[in-house]
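J.: Here our numbering runs 1 ahead of the position in the sequence shown, where the first position is 1.
Honestly, the hints are just simulated from the structure, not real lab data.
Yeah, the Cβ is synthetic: ideal placement off N, Cα and C, and Gly gets one too.
Don't take every hint at face value.
What the hints assert, rightly or not - Now the in silico label distances, taken between C-beta atoms and shown as ranges:
| no. | residue 1 | residue 2 | range |
| --- | --- | --- | --- |
| 1 | Ser135 | Lys67 | 44 to 52 Å |
| 2 | Thr141 | Pro121 | 21 to 29 Å |
| 3 | Ser240 | Phe136 | 27 to 35 Å |
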Amino acid sequence: MTFIRQSSPHTHSGARVQHLMLWVLAALLPGLCVQIWLYGPGNLLNAIVLALLCLGFEAAFLALRKKPIKTALLDGSALVTGALLAVCLPPYCPIWLLITAASFAIVLTKQLYGGLGFNPFNPAMVAYVILLVSFPVQMTQWPIAETLRPESVSAHNVYTALHAWFSDYDAITGATSLDVLRHKQGYTLDAWLNQQAIFKQAYFAASGSEWVNLGFLCGGLLLLVKRVISWHAPVAFLSSIGVLAAFFYDGGSSQSPGSALIHWFSGGTMLGAFFIITDPVSSAVSPKGRLIFGALIGSLVYIIRAWGNYPDAIAFAVLFGNFCAPFIDFFTLPKTYGHTQAPSAKRFFEP
Numbered sequence: 002m003t004f005i006r007q008s009s010p011h012t013h014s015g016a017r018v019q020h021l022m023l024w025v026l027a028a029l030l031p032g033l034c035v036q037i038w039l040y041g042p043g044n045l046l047n048a049i050v051l052a053l054l055c056l057g058f059e060a061a062f063l064a065l066r067k068k069p070i071k072t073a074l075l076d077g078s079a080l081v082t083g084a085l086l087a088v089c090l091p092p093y094c095p096i097w098l099l100i101t102a103a104s105f106a107i108v109l110t111k112q113l114y115g116g117l118g119f120n121p122f123n124p125a126m127v128a129y130v131i132l133l134v135s136f137p138v139q140m141t142q143w144p145i146a147e148t149l150r151p152e153s154v155s156a157h158n159v160y161t162a163l164h165a166w167f168s169d170y171d172a173i174t175g176a177t178s179l180d181v182l183r184h185k186q187g188y189t190l191d192a193w194l195n196q197q198a199i200f201k202q203a204y205f206a207a208s209g210s211e212w213v214n215l216g217f218l219c220g221g222l223l224l225l226v227k228r229v230i231s232w233h234a235p236v237a238f239l240s241s242i243g244v245l246a247a248f249f250y251d252g253g254s255s256q257s258p259g260s261a262l263i264h265w266f267s268g269g270t271m272l273g274a275f276f277i278i279t280d281p282v283s284s285a286v287s288p289k290g291r292l293i294f295g296a297l298i299g300s301l302v303y304i305i306r307a308w309g310n311y312p313d314a315i316a317f318a319v320l321f322g323n324f325c326a327p328f329i330d331f332f333t334l335p336k337t338y339g340h341t342q343a344p345s346a347k348r349f350f351e352p
């Protein structure tokens, strides 16, 4: 008699990778639309090119590995990686930078480790860090939002973006609130925010980043409502930043590390909270582990912003969190199905 072997009983949500990736792409649209409104069509053109590049690199490397190509391309993971890179990279960067970013993300970080589900680090963040360290000039050429916001998408801006792909472009760049926060350019942060903030509030972010972060916040809330992601990592991430910012804030002097609102709505905070640290492959697994994972990354983001060498710190903190994720999972083991207690980690150290 033949017996059928089955694994332990599990419930199935019916969710597929392709379905979840489509929701992530949809949730990225509000933030991308705000970027287009503020900076012109550069990020949209980047998204289109990076989508094609990521799909192309994935197909080429799968062919070299003699793996099925159609299934991997249709799961949407390469498109999500391209979309994340598109909203992270400056809107008027040269096209060779996009090619480099896609190759590092797909080939170096994803396919060389075995493809989807095997990469220990977030592909988009690995590519971003490598580009930021290797090409700091091109990676910091963000345009001034005030000069582009009323124009929206125009033929002139399309030409500007296309021209920028083939030349170094830095004519309309300016300081962001995190740049001022890091370098303390001879005046208080609050005084600069009073001049630059669209909300005209000294304690808020500026240079358009507040609107971009609100767009990604709306998309992140959509992911929470649709249960594509859990609340643990984003809440812990934002809470740790807020607690540290509130503790060290001194009212906006020239030495102030900035208020909680400045840190929440500047740089890539909301993008990191809802789209980066919630990556199911490179983050912690258990609910308790995700709380620790999010709090760790949020604390590192604030520390690097306030006392480190880079204005923003999302990518660096995320990669460090990815490195720690297996250790966090090791010490936050959930209860095994059918047991009343979680297995003790001490037994793994016993001979």
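J.: Now look at each hint and say whether the structure bears it out.
T.: Outcome of the hint check:
{"no.": "1", "hint": "Ser135 with Lys67: 44 to 52 Å", "in the structure": "violated, 32 Å"}
{"no.": "2", "hint": "Thr141 with Pro121: 21 to 29 Å", "in the structure": "holds, 28 Å"}
{"no.": "3", "hint": "Ser240 with Phe136: 27 to 35 Å", "in the structure": "holds, 34 Å"}
Comparing the model with each numbered hint stated earlier shows that hint 1 is the single one that does not hold.
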